[in-house]
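Enquirer: Sequence lines, in order, name chains A and B.
Residue 91 in our numbering sits at position 91 of the first sequence, and the numbers go up by one each step.
Whatever position you read off the second sequence (first residue = 1), add 105 for our numbering.
Note that these hints are calculated values from the structure, not bench results.
Some hints could be false.
Okay, the calculated beta carbon distance ranges per label pair [stated by the list, open to error]:
1. A:Arg89 <-> B:Ala182: 35 to 45 Å
2. A:Thr65 <-> B:Val194: 36 to 46 Å
3. A:Arg80 <-> B:Arg127: 35 to 45 Å
4. A:Asp56 <-> B:Ala115: 20 to 30 Å
5. B:Ala197 <-> A:Lys90: 46 to 56 Å
6. B:Arg127 <-> A:Leu103: 41 to 51 Å
7. A:Leu94 <-> B:Ser198: 25 to 35 Å
8. B:Ala197 <-> A:Thr65: 53 to 63 Å
9. B:Val194 <-> A:Lys90: 16 to 26 Å
10. A:Lys83 <-> B:Ala197: 29 to 39 Å
11. A:Arg38 <-> B:Ser165: 24 to 34 Å
12. B:Arg121 <-> A:Asp91: 14 to 24 Å
Computed far set for chain A versus chain B, every beta-carbon distance over 10 Å [unchecked claim]:
13. His24
14. Gly87
15. Leu103
The structure displayed is predicted, hence computed values, not measured ones.
A virtual CB, placed ideally from N, CA and C, is assigned to each residue, including glycine.
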Amino acid sequence: MAREQFSGHLDMLLLAALRGGPLHGYAIIDHIRSTSARRFDYAEGTVYPALHRLEDEGLLRSRWTDVDGRRRRAYDLTARGRKALEGRRKDWELYAAGVQAVLNR
Amino acid sequence: MNDAESYLAAIAANARGPGARRLAVELHDHVEDALADGVAPADVIERLGPPEEALAAWQSRVRRRRMDSRRRAAFVAFAVATASALGVVQHASGHRPPHPACGAAPRDSTVTCKPRSFEGPALGRTAHVKTRGEVDD
């Protein structure tokens with residue numbers, strides 16, 4: 001997926017990556033890379049400002065944790081973030097179904 | 106200075122605003138984790154993208170945060186100014202809404218009522234009622 005297209009969905013993908021529990025930045029990026037089979041082309045450095053922004057918006061919370069003896073900032077979904085993810089997921093499904101319907105016609 | 110160090114130095118030097126230091130630390134940790142994961146140093150930097158891209162995303166977040174703070178401050182200032190103006194107007198007019206007399210207001214009303222003025226002893230409570238045969242002095 002091209003960078004411009006991807007950036008519009010970055011927030012949703014970050015929220016979705018955290019659905020299974022807290023992860024630190026590199027683990028979030030690694031999760032998106034492996035589950036998408038490396039389909040997305042984006043600058044990984046832009047993920048961190050996006051995580052801070054989602055935290056500002058109250059959709060994520062973060063804290064320092066110990067990962068294999070290394071101190072890492074782990075992010076987790078808030079209740080509001082979980083709700084936002086469900087809303088964005090529904091919007092995406094409607095959008096994707098609409099596009100698919102037009103393409104298949 | 107290698108590419109990773111240049112990238113991190115560019116972030117540390119140009120990222121401003123709340124959380125900028127944490128951003129630099131997280132990107133440093135990212136490089137460390139990627140290298141520990143077996144990613145080649147050149148690939149780590151290529152995947153991170155140019156530092157300008159991360160900095161542009163960071164500046165956008167800082168601007169948004171600043172705008173939110175200003176909006177919140179403006180709202181608080183407006184609320185305080187409105188409350189103060191209302192207080193001044195009420196004080197200047199000296200107007201107080203009249204209290205209804207007790208008994209005039211509905212029984213279940215929460216409005217403060219004004220007690221009726223005392224108009225002498227009520228029969229049966231404090232007044233001495235003369236009985237037959239009693240004579241005034």
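Enquirer: So, for every hint listed, does it hold in this structure?
Expert: Going down the list of hints, with the structure as the test:
1. A:Arg89 <-> B:Ala182: 35 to 45 Å: Distance hint for Arg89 (chain A), Ala182 (chain B) holds at roughly 39 Å.
2. A:Thr65 <-> B:Val194: 36 to 46 Å: The hint (36 to 46 Å, Cβ to Cβ) is violated, given that Thr65 (chain A) and Val194 (chain B) are roughly 55 Å apart.
3. A:Arg80 <-> B:Arg127: 35 to 45 Å: At roughly 21 Å between Cβ atoms, Arg127 (chain B) and Arg80 (chain A) fall outside 35 to 45 Å, so the hint is violated.
4. A:Asp56 <-> B:Ala115: 20 to 30 Å: holds, 23 Å
5. B:Ala197 <-> A:Lys90: 46 to 56 Å: holds, 55 Å
6. B:Arg127 <-> A:Leu103: 41 to 51 Å: Once the Cβ atoms are compared, 43 Å apart, the range 41 to 51 Å for Leu103 (chain A) and Arg127 (chain B) holds.
7. A:Leu94 <-> B:Ser198: 25 to 35 Å: violated, 57 Å
8. B:Ala197 <-> A:Thr65: 53 to 63 Å: holds, 59 Å
9. B:Val194 <-> A:Lys90: 16 to 26 Å: violated, 49 Å
10. A:Lys83 <-> B:Ala197: 29 to 39 Å: With Cβ atoms ~48 Å apart, the hint is violated.
11. A:Arg38 <-> B:Ser165: 24 to 34 Å: Holds: the Cβ-Cβ distance is about 26 Å, inside 24 to 34 Å.
12. B:Arg121 <-> A:Asp91: 14 to 24 Å: violated, 34 Å
13. His24: violated, 7 Å
14. Gly87: Holds: least Cβ distance 20 Å, greater than 10 Å.
15. Leu103: Its Cβ never comes within 10 Å of chain B, the nearest being 31 Å, so this holds.
The structure fails hints 2, 3, 7, 9, 10, 12 and 13 (numbered hints given earlier, in ascending order).
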